[in-house]
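Trainee: Sequence:
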Amino acid sequence: MAVEKVTSFLSRTIRRPRRLFLLCVVLTTLSAVLLSYANADNPVSHFFAPSSRTYEPTYSALRERQARHFLDNEAQKGEIILAAENRTSELLGTPDLALVLISIRRPSAQYLDLALGSTLDSLSPAERKRLHISVVIADAEPESHPFFTSPWLHALTDEIVVRAQPKPESSLEIATAVASYTHGGRRVAAKIRVVPRPEFPSAAQVELSDWHRQGAVDYAETLDTCSRAGTPHCVVLEDDIVLTATWHQQVRSAIAAADARWPHEVQSERGRTRKPWAFIRLFYAEKYFGWEDYEVPTLICVSAAAPILTLAFLLIGTRGSSSKSSSAAYKLLARPSSPPPRPYHAPTPSPNRPTTIPLPSLLILSLTVLAHTILIILAGRNHIHPIPPGLSSMPRRGCCTQATIFPNHLLPALATHLRAHAGEQPYDVLMADWAVGHAASHPNARITPEVAEQERRAGVGLYEILALNPAVVQHVGHSSSQAGGYQRADPLWSFAFERKQPWSKVVEVRASSSGAAWLDGVSLF
Numbered sequence: 001m002a003v004e005k006v007t008s009f010l011s012r013t014i015r016r017p018r019r020l021f022l023l024c025v026v027l028t029t030l031s032a033v034l035l036s037y038a039n040a041d042n043p044v045s046h047f048f049a050p051s052s053r054t055y056e057p058t059y060s061a062l063r064e065r066q067a068r069h070f071l072d073n074e075a076q077k078g079e080i081i082l083a084a085e086n087r088t089s090e091l092l093g094t095p096d097l098a099l100v101l102i103s104i105r106r107p108s109a110q111y112l113d114l115a116l117g118s119t120l121d122s123l124s125p126a127e128r129k130r131l132h133i134s135v136v137i138a139d140a141e142p143e144s145h146p147f148f149t150s151p152w153l154h155a156l157t158d159e160i161v162v163r164a165q166p167k168p169e170s171s172l173e174i175a176t177a178v179a180s181y182t183h184g185g186r187r188v189a190a191k192i193r194v195v196p197r198p199e200f201p202s203a204a205q206v207e208l209s210d211w212h213r214q215g216a217v218d219y220a221e222t223l224d225t226c227s228r229a230g231t232p233h234c235v236v237l238e239d240d241i242v243l244t245a246t247w248h249q250q251v252r253s254a255i256a257a258a259d260a261r262w263p264h265e266v267q268s269e270r271g272r273t274r275k276p277w278a279f280i281r282l283f284y285a286e287k288y289f290g291w292e293d294y295e296v297p298t299l300i301c302v303s304a305a306a307p308i309l310t311l312a313f314l315l316i317g318t319r320g321s322s323s324k325s326s327s328a329a330y331k332l333l334a335r336p337s338s339p340p341p342r343p344y345h346a347p348t349p350s351p352n353r354p355t356t357i358p359l360p361s362l363l364i365l366s367l368t369v370l371a372h373t374i375l376i377i378l379a380g381r382n383h384i385h386p387i388p389p390g391l392s393s394m395p396r397r398g399c400c401t402q403a404t405i406f407p408n409h410l411l412p413a414l415a416t417h418l419r420a421h422a423g424e425q426p427y428d429v430l431m432a433d434w435a436v437g438h439a440a441s442h443p444n445a446r447i448t449p450e451v452a453e454q455e456r457r458a459g460v461g462l463y464e465i466l467a468l469n470p471a472v473v474q475h476v477g478h479s480s481s482q483a484g485g486y487q488r489a490d491p492l493w494s495f496a497f498e499r500k501q502p503w504s505k506v507v508e509v510r511a512s513s514s515g516a517a518w519l520d521g522v523s524l525f
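All the letters of the sequence shown, read from the start, carry residue numbers 1 to 525 under the working numbering.
Derived by calculation from the structure, the hints in this document are not laboratory data.
Note that the coordinates shown come from a computational prediction; the quantities given were computed from them, not determined experimentally.
Cβ coordinates follow ideal geometry from the N, Cα and C atoms, glycine included.
Don't take every hint at face value.
Claimed, not checked - DEER-style ranges, computed between Cβ atoms:
1. Ile-384 - Leu-30: 15 to 25 Å
2. Ser-51 - Pro-168: 45 to 55 Å
3. Thr-54 - Pro-107: 33 to 43 Å
4. Leu-30 - Pro-146: 49 to 59 Å
5. Val-26 - Asn-408: 25 to 35 Å
6. Ser-253 - Ala-420: 26 to 36 Å
7. Ile-300 - Ser-253: 38 to 48 Å
8. Ala-312 - Ile-376: 19 to 29 Å
9. Ser-51 - Ala-312: 19 to 29 Å
10. Asp-210 - Gln-165: 20 to 30 Å
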C-alpha cells in the first residue's frame, strides 16, 4: 500500500514540472547539507570547514598525559625496566621485533619523551622483553639534544646511537641519574653506539637539497640500526608522535597479515601476481588523498555523461514502455483521415497506461542528477574511495615517515638506495619510488605522479606498499622539518586517529606481576 502511494505520488509529481522542481531543490539542498556534515573534517573536501577545534587533539591529548605520567611515575617502579646485561637471556626471552626512534633537537618543543612514553606505557613486561628499542640521536653532538642526559632515556632503552663520543662528564652524569631514577633496579644504562656522520655522496647532475640529503642519510643510518638488531621486522618512528595504547597488538597483527597476504616471494594466484610487501605505513594524513590533476578530465567526462545518460534512459524508458498503438509518434502518423464517431466515456485511470514525462520534467531530472554528481565529486576523493579498514595497499598518497614497519631482509637495499639518491627528493618519495621499482630500473629518472599511477594500475613494481587504517600513531609536532627550516605542521594530522580510536574509554594499561596485561576498559577494535 505504501509503495503504491509513493509510486502514485512520484507519477503525479513527474507530470507537474513545478512540483518536481520544488522537490528536486529540496532533495539537492538536503544532499548538500548531509555531505557538508559528513565531510566537515575531510581536508580534501570542498565542504571542509576548519575552525579552532578542527585540529583539537582528543585521543592524542590523552596519550600525551599518559606518556608523561608513565615516565614520571610508573616506569621507575615497574618490571618493564630490564638490566642490559640480562637483555638476551633465556629467562627474559630474545627480542623478535626491533623499534628504532630517530630524534633531533628542535628549536622549540621536544617530543621524544612523548614518543618513548606512549611506546612503553601500555606494554606488559612479557611484551617489553620481546622488543629491542633503540634511539638514534641525529645531532652532531649528543649533548646538544635536550633529552640526551635524561635518566629515562638510558633506563628504558637498549641502545642509543650517537654521532660523536659523549663527553666523560656526560657519561658519569648519565650513570648516576639512571641509578637514582630506577632506585637501583637497573645497574647498567643503555649501550651507547657511536656512528660518525658519513660524508655526503658526490653531487649528481640534478639540483640537490642539503636538507633532503641530510634527512635521507640519517634515515639510511636508522635503517642500519634496524639491521644490526637482527630481528625479522623493524618499526621506525620519528620522535614527534604518540602511539595508540593498543599499538603493539596492532603492529603484530599487521605483520602477520602482511606476511600471509603479501609473502616475501612473488606468487601468482588465479592469474594475479602477489608482490611481497616493502613496508607498512602506520601513519597517513588525509590531506594527501584529494583529486589529482590528471583525474580532472575524467571527472569532467563523468559530470557531463551523468545527465545525458539519465535523459536518454528516461526517454527510452517512457517510449519503450508504451505499445505501438499508444505511442505519440504512432498516433500522429497512423491517425485515420475520418475517424469513426465514438460515444463519450469519462476518463478512468488505467494501470497499463504509459506515463509520458513532459520535456521540462526531463530537464529538471537531468539537472538534478548533474547537481548530485558535482556534489559527490566536491565531497572529495576519499569520500568516494574511502580507505578500507585494516591492512590494505597504499602505493601512493600515504606521505611521510612518522611510523613505518620494514622487513629486515630489505633494509640493506633500501638504505643503499637512499644514500645513492640522497637530496634528489624527500626521502619518503625516494622510498616509494624504490618500492615500485621505477628508480631501480632508471637511476636518474624523476618519477611523476602520472607515471606512478599508470605503473600502479598496470601492476608494475617490485614491492607492495601497505598501510594500516586507522592510523596507529598521531603527529603531534607543531613544527615539521621541511626544506629551508622548520615550518608549522598542524595540517600533517590524522583525523582517523582522533575519530576512530576508543579514546573516551581508554585508561592506563598496567602489567600484573605475573606478566599479563590488564586492560581497565580499553577496547581493541
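Trainee: Hints first: check each against the structure and report whether it holds.
Mentor: Tested hints:
1. Our hint of 15 to 25 Å for Ile-384 and Leu-30 holds, since their Cβ atoms are close to 19 Å apart.
2. Hint check: Ser-51 to Pro-168, Cβ distance near 53 Å, so the stated range 45 to 55 Å holds.
3. Between Thr-54 and Pro-107 the beta carbon distance is about 25 Å. The supplied range of 33 to 43 Å is therefore violated.
4. About 54 Å separates the C-beta atoms of Leu-30 and Pro-146, a value consistent with the hinted range of 49 to 59 Å.
5. A hinted range of 25 to 35 Å for the beta carbons of Val-26 and Asn-408 is inconsistent with their spacing of about 60 Å.
6. Between Ser-253 and Ala-420 the beta carbon distance is about 34 Å. The supplied range of 26 to 36 Å therefore holds.
7. For the pair Ile-300 and Ser-253, the supplied restraint of 38 to 48 Å holds, since their beta-carbon distance comes to about 42 Å.
8. Against the hinted window of 19 to 29 Å, the Cβ-Cβ separation of Ala-312 and Ile-376 comes to about 20 Å, which satisfies the hint.
9. Our hint of 19 to 29 Å for Ser-51 and Ala-312 is violated, since their Cβ atoms are close to 44 Å apart.
10. For Asp-210 and Gln-165, the hinted distance range of 20 to 30 Å is satisfied, since their beta carbons lie about 25 Å from each other.
Checked against the numbered hints above, the structure breaks hints 3, 5 and 9 and satisfies the rest.
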